[in-house]
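Taken in sequence, the protein lines are chains A and B.
Each residue of the first sequence is one higher than the last, beginning at 1 in the working numbering.
Each residue of the second sequence is one higher than the last, beginning at 259 in the working numbering.
Treat each hint with caution, since some may be false.
Claimed, not checked - Covered stretches of chain A (chain B as the covering partner; in silico rule of three or more C-beta atoms under 8 angstroms from a C-beta of chain B):
id : stretch
1  : 12-19
2  : 93-107
3  : 160-173
Unchecked claim - Not close to chain A: a few residues of chain B, all C-beta gaps over 12 angstroms, as computed:
id : residue
4  : His421
5  : His455
6  : Glu468
7  : Lys517
8  : Gly519
What the hints assert, rightly or not - 25 angstroms max Cα-Cα, derived DSS-like pairs, lysine-lysine:
id : chain 1 : residue 1 : chain 2 : residue 2
9  : B       : Lys357    : B       : Lys448
10 : B       : Lys448    : B       : Lys372
11 : B       : Lys494    : B       : Lys469
12 : B       : Lys427    : B       : Lys448
13 : B       : Lys414    : A       : Lys126
14 : B       : Lys453    : B       : Lys414
15 : A       : Lys126    : B       : Lys434
16 : B       : Lys427    : B       : Lys414
17 : B       : Lys427    : A       : Lys126
The hints are simulated quantities; they were obtained by calculation from the structure and are not laboratory data.
Beta carbons: idealized from backbone N, C-alpha and C, even for Gly.
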Amino acid sequence: MTDTPLLKVSGVSKFYGSRIGCKGVSFDLWPGEVLAIVGESGSGKTTLLNCLSTRLIPTTGSVEYRMRDGNFRDLYHMGEAERRFLMRTDWGFVHQNPVDGLRMTVSAGANVGERLMAIGDRHYGKIRETASDWLARVEISTDRIDDQPRAFSGGMRQRLQIARNLVTHPRLVFMDEPTGGLDVSVQARLLDLVRGLVNDLGLSAIVVTHDLAVARLLSHRMMVMKDGHVIEHGLTDRVLDDPREPYTQLLVSSILQV
Amino acid sequence: MTDLATYNFAYLDEQTKRMIRRAILKAIAIPGYQVPFASREMPMPYGWGTGGVQVTASIIGPEDVLKVIDQGADDTTNAVSIRAFFQKVANVAVTTHTKDATIIQTRHRIPEQKLAEGQILVYQVPIPEPLRFLEPRETETRKMHALEEYGLMHVKLYEDIAHNGRISKTYAYPVKVAGRYVMDPSPTPKFDNPKMHLSEALQLFGAGREKRIYAVPPYTEVVSLDFEDYPFEIQKFEQPCALCGAEGVYLDEVVLDDKGGRMFVCSDTDHCEERREHGHAGAMLAPSKEAAE
Ligand SMILES: Nc1ncnc2c1ncn2[C@@H]1O[C@H](COP(=O)(O)OP(=O)(O)OP(=O)(O)O)[C@@H](O)[C@H]1O
Ligand SMILES: [Mg+2]
Ligand SMILES: [Zn+2]
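Whenever a hint applies, use it, and build me the whole structure from the sequences.
Shown next as structure tokens:
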């Protein structure tokens, strides 16, 4: 890790009319760091993630990102063209429901290759070879390259979505409940895979989950949200083993009881 | 159609023509960009090229000479009706000869004879949006054009190669115009795509149902999309035209009898006739001459 953050978040709030989505969130994300955002349903996790990833415009606050040239840019003062380019090259976004992040009616190969084509790759053979490598990396048999994700299981779809996002070697990946809709055994395999990829690629990631086990396995740091506020924030092991806030204590103990 | 005589010159009222001309000028100023326009009801159904007809009606003058083709032919019902329409409502001269026409309205083909400066080719377009089948949302396709996000076009070509071993698309083959906008030349066969490139003629596209006009000004780059290792290629025909012996032209298959007999002839009927008038003959017409050569 370098001594400069990748993302600087300050005072981000989002109101839906008078209802709070999230309020006054500030933190820095460092290169290679995985941050988990946890909290019960309705606590504002998705709202915050969307505000960070420019999918939702915050009511107030700023989010600055360190571009590849080393300069920080305020995401909300960027032109739309530049922001969309950033989103499909330097960033990834893994949706809870793979249908939201995949093109269901084109082949797995084209799903992975799309970003490459979007940034100007024009050699079919090379695109296909790269797609094939990525399928193997996410443990999808390469002979499925011409199949549509409609013919894939939930776990395979989620792995395909991850490959599709990582093919341009993004530096930052957002994930919203990446293991949400999956069976427990499938979840475990996916988590191992994500952990391996994050380590190998030195990715930074912000992962939303209501599952503390996911946070434990994937993240270095975590933020606990309640009613739109971040109520506790620290290294994952510290927060889980020695929660300071009563609410976090409740959350941790309720998990332990399951 | 007798009551049409009471209509304005070229059927449309002057205000409508001005509105369409403004759209055309804008289209020419931004090559390949689809300009919305308030498409009018025409006295013919949509599939009959009402977009092209409105464009032609807005640019035609009493001195113009009009040619209308459907596929490559001047004598199909569609071509004959549109030609008759303009004779009736604008009293203009008509021709089947490409080189004599000042305006050529077409449904599919670009004439084989190279078009010259001062000529205008008007296309009747059914589906103007090249991104439509990949992205059904109009708001999103507009944004993609505005931000030049055309990766999806190559996704489509990728799929084609993955499933067919080559780019199998033969009609409505997407092009990039002047290095900026991706455009659908629909429903022209890809054989004609190279003719659009740096054409001396002005090319205007009218989509009636979809209410869009777009244009390729003279001498504009028109490049067919492809991959480095799967370059764009036009159809090749194995034999020359059976009637006029022309090679390197677009041929239609004609069934001769119910025993499997068939021949390939120019789809551009004017081109074929002209060649025959100049003494060219294909295998069907002059077997002895062919044999003697
Ligand atoms: N589009 C919206 N319009 C109005 N209120 C919204 C909207 N989206 C979210 N909210 C509200 O904002 C608050 C935070 O919602 P959010 O979806 O961010 O929670 P979450 O932590 O992601 O919940 P879950 O775990 O159920 O996904 C909730 O009170 C929710 O009802
Ligand atoms: Mg959520
Ligand atoms: Zn011929």
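Against the structure, the hints come out as follows:
Taking a C-beta to C-beta cut-off of 8 angstroms, the stretch 12-19 of chain A contributes 0 residues in contact with chain B, too few for the three needed, and the coverage statement is violated. Requiring three or more residues with a Cβ within less than 8 angstroms of a Cβ of chain B, the coverage given for the stretch 93-107 of chain A holds, as 3 such residues are present. With 0 residues having a beta carbon nearer than 8 angstroms to a beta carbon of chain B, the stretch 160-173 of chain A misses the requirement of three or more and the stated coverage is violated. The claim that histidine 421 (chain B) is not at the interface with chain A is violated, since a C-beta of that chain comes within 12 angstroms of its own (minimum 7 angstroms).
With a least CB separation of 18 angstroms from chain A, histidine 455 (chain B) remains clear of the 12 angstroms interface cut-off, as annotated. Chain A leaves glutamate 468 (chain B) outside its interface by the beta-carbon criterion, the shortest separation being 22 angstroms against a cut-off of 12 angstroms. Here lysine 517 (chain B) stays apart from chain A, with its beta-carbon at least about 41 angstroms from theirs, past the 12 angstroms limit. The claim that glycine 519 (chain B) lies off the interface holds: its Cβ sits roughly 40 angstroms from the closest Cβ of chain A, which is beyond the 12 angstroms cut-off.
Among the hinted pairs, lysine 357 (chain B) with lysine 448 (chain B) is consistent with the structure: their alpha-carbon atoms are about 22 angstroms apart, no more than 25 angstroms. For the hint pairing lysine 448 (chain B) with lysine 372 (chain B), the CA-to-CA distance comes to about 16 angstroms; that is within 25 angstroms, so the pair holds. Of the supplied pair hints, the one linking lysine 494 (chain B) and lysine 469 (chain B) is violated, its CA atoms being roughly 35 angstroms apart against a limit of 25 angstroms. For the hint pairing lysine 427 (chain B) with lysine 448 (chain B), the CA-to-CA distance comes to about 8 angstroms; that is within 25 angstroms, so the pair holds.
For a cut-off of 25 angstroms, the pair hint linking lysine 414 (chain B) to lysine 126 (chain A) stands: about 16 angstroms separates their Cα positions. Between lysine 453 (chain B) and lysine 414 (chain B) the alpha-carbon distance is near 23 angstroms, which keeps this suggested pair within the 25 angstroms criterion. Proposed proximity of lysine 126 (chain A) and lysine 434 (chain B) is supported: the alpha carbons are some 23 angstroms apart, at most 25 angstroms. For a cut-off of 25 angstroms, the pair hint linking lysine 427 (chain B) to lysine 414 (chain B) stands: about 10 angstroms separates their Cα positions.
Between lysine 427 (chain B) and lysine 126 (chain A) the CA atoms are separated by roughly 22 angstroms; this keeps the pair inside 25 angstroms, and the hint holds.
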